[in-house]
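2 protein chains.
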Amino acid sequence: MKIRILVTSLALAGTSVTWAAVNEPIQPIKVAKVTDPALVELGKKLFFDPRLSKSGFISCNSCHNLSMGGTDNLKTSIGHNWNQGPINAPTVLNASLNIAQFWDGRAKDLQAQAGGPIDNPGEMGSTHALAVEVLQSIPAYVADFKKSFGTEKIAIAQVTKAIAAFEETLVTPNARFDKWLAGDKKALSANELAGYKLFKDSGCVACHNGPAVGGNSYQKMGVVAPYKASSPAEGRFAVTGKDADRFNFKVPTLRNVEMTYPYFHDGAVNTLTEAVDTMGRLQLGKKFSDEENAKIVAFLKTLTGDQPNFKLPALPPSTDSTPKPQPFAAK
Amino acid sequence: MKIRILVTSLALAGTSVTWAAVNEPIQPIKVAKVTDPALVELGKKLFFDPRLSKSGFISCNSCHNLSMGGTDNLKTSIGHNWNQGPINAPTVLNASLNIAQFWDGRAKDLQAQAGGPIDNPGEMGSTHALAVEVLQSIPAYVADFKKSFGTEKIAIAQVTKAIAAFEETLVTPNARFDKWLAGDKKALSANELAGYKLFKDSGCVACHNGPAVGGNSYQKMGVVAPYKASSPAEGRFAVTGKDADRFNFKVPTLRNVEMTYPYFHDGAVNTLTEAVDTMGRLQLGKKFSDEENAKIVAFLKTLTGDQPNFKLPALPPSTDSTPKPQPFAAK
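Residue numbers (the UniProt record's numbering), protein chains in the order written: chain A, 1 to 331; chain B, 1 to 331.
You may find that some hints are simply not true.
Just so you know, same-sequence chains aren't split out, so a pair can sit in one copy or run between any two.
[Stated by the list, open to error] Restricting the straight-line Cα-Cα distance to at most 25 Å, the calculated cross-link-like pairs of lysine-lysine (DSS-like) are: (1) Lys-324 to Lys-301; (2) Lys-301 to Lys-45; (3) Lys-220 to Lys-200; (4) Lys-311 to Lys-30; (5) Lys-324 to Lys-228; (6) Lys-108 to Lys-242; (7) Lys-33 to Lys-311; (8) Lys-45 to Lys-311; (9) Lys-286 to Lys-197; (10) Lys-30 to Lys-200; (11) Lys-197 to Lys-287.
Worth flagging that the hints you see were computed from the coordinates, not collected in a lab. Just so we're clear, the structure is a prediction, and the values are computed from it rather than from any experiment.
Please take these sequences and the hints and turn them into a complete structure.
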C-alpha cells in the first residue's frame, strides 16, 4: 500500500513538473492551511462588519478591500468623519508573511494590528469597549464566540484573534511566477523572465525576497538619494526612538503589486513604471532605461496570485439593545 | 416518458405540500430568473466598485450593504466628504418589486435609480462622464461591456443597465413565512401566526401586501395623526408638485425588515416594536397592547428570506491612464 502511494505521487509529479527553480531569492506562496474553520468564519464576519466602527460605516474591508488587492487604492485612507489618514494602507493580502505589521512594524503580528484601527479616532473611531458591547448585544455573534472560545463573554482579544485567523487565510498562491518557480517554463514570457533577471541582477532582491517578495525586513527609504515624502512619517524611528531607524520602513510585499497602487508609504506614486524608476534611482543608484523598466514591470505583474475566493458574509442583525452607530456629531 | 415525469412531480409535491395558503394578501417571493449571467456578473462588479465615486471609497454596496439586508443600517447615509444624507437608504433587496425607486418614486425603475447616487454631490460625488472614463480605462471592464453590449465604447446607460440586472437578482425567497404560504404549517409558530392574523385584521395589509409586503403603492405618512419627521422630505410632492401628494411616500417593503433598521423615511425609529406602535397609532388609529405588538413583531421576523449568496467579486485593477480618485479637496 505504501509503495503504491509513493509510485502514484511520483507519477503525478512527473506529469507536470519536469524542472523546478531552485536557489531563487523568491519562494512560492503556500496555500493557507485552515485549522479552525469556525474561527476563520467568525473573523471573516468581523472583517466585513462596519459596526466595529463608531459610525457603523467603516469596516476592516473599507481600507483593506478584498475586491481590490486588499487595499483601498487611495494615497492615504479615509477614516471616521472623512479623516485623511497619515499613511498609505498596506495590503492585507499575504500580510501573515510580514515580519511585523504597519509600515513601522509597531504591531508584532496580525492580532496586534487588528485592534489598532478600531479605536483609532481617525480610522474606525470606536473604542474596544464599545466594539465588544456591540458584538455582545447580538446573539448570533455571542454564539459564534462561545463556539470558538468557550465563553459567552466576548473580549477584544478574541475579536482580534478571530480577525487575524481570517487574515491568515488571505494568501494569494498560484501566481504565474509561482507556476514558473514550480517548473512550468511556459508560465512566463521571455520578456517577463528578462525582467526577473534584471530584478535580480540590479539588486532589487536584496530587499524584495522570500515568499512575499518583501515584508521581511526594514530598510531605509532613500539609500542613495533622499526620498522627498509627502508624509511626515519617520518609520521605525517612531517605534525604537533610534536615530538610525529614521525613515526605515518595512519593505512592502510585491505580491499582487499591480493591484496595490498607489505606491510607497506615502502613496505618492501612481504607476509601477514610476515606482520602479524611483526605487532604482534612490535605493540602487541605477537609472533603468524605458526598456529595462518595462521588463521589470512585466515581471512584477506575474506576481498576481489567486485573489480572495469566498462568499460575501451575511452579518447577523443588531438587536434592540445594540448601541447605535454615531456617524455624525450630536447637534 | 411524459407520464413518468408527471408522476414523479406529483410524488415530490406530495412529500412536502399537503396544503397551501390561498387568497392571502401576501404572496411568496419568487427565485430570480437570470437570463443574462454575464450582464449580472458585470453589474455585480460595478455594484461593489468604489471607483464609480469621486473619492474611490464609496460603492453602491456602501449604503446598500448586501451583508446587512441591503442597507447601511444608519438613520441617514454617509456620502462624499462624510455628507449626511437627507433620507434613510431603502433596501436594495427585492427592490425590483417596487412600483418605482426612491422613497418618492422619482426613478421609474432600477436602471433609472442606479444613475442617481453616482453623480449626486452628497452621495458618490462623481459625474456620469467621469465614471464612464474610469471604466473605459480598464481593459477588463471594456471586455465585459463589449461582451454584453457589443461595443467597446462604454455609456452610462450600459453601466446602469448592468447594475439593474444584478439588482434584479437580489430577491430573498424562502422566508419562513413563504414556506408557510407554500403549505408548510410548521414553518410558523402559533405566536407568529397570531401576529400575522393581527397584521391582517388590523389593516396593516391595506398597504403592506403583495410579494414584497409593500413597495407597490404611495401612502400618506400620518393618516390618523401627523408624523413628526426629523427629515424635511415631502415625498411624492417633490415629484408631482400636487398638494395631495405631500408626505406621500412609497410604502417600504417589510421583507427582511428585521435587518433593515432603523425605520421610516427619516430613519427615526430604531426598533420594530416602536415602528409597529407608531404605524398602529398614526396610520390605523390603533394602540396595540404590548402583547399584540410583540405578536406582530414575531410575524415580521418570519419575513427574512435567503440573503445574497455569491462570491465577493474581484475587481480589475486600474491602469496608468485611469483617472485618479479625489477623496480630499485639493490644498
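*Could you work out which earlier hints the structure fails to respect and list their numbers in ascending sequence?*
Nothing - there is no hint that the structure violates, so all of them hold.
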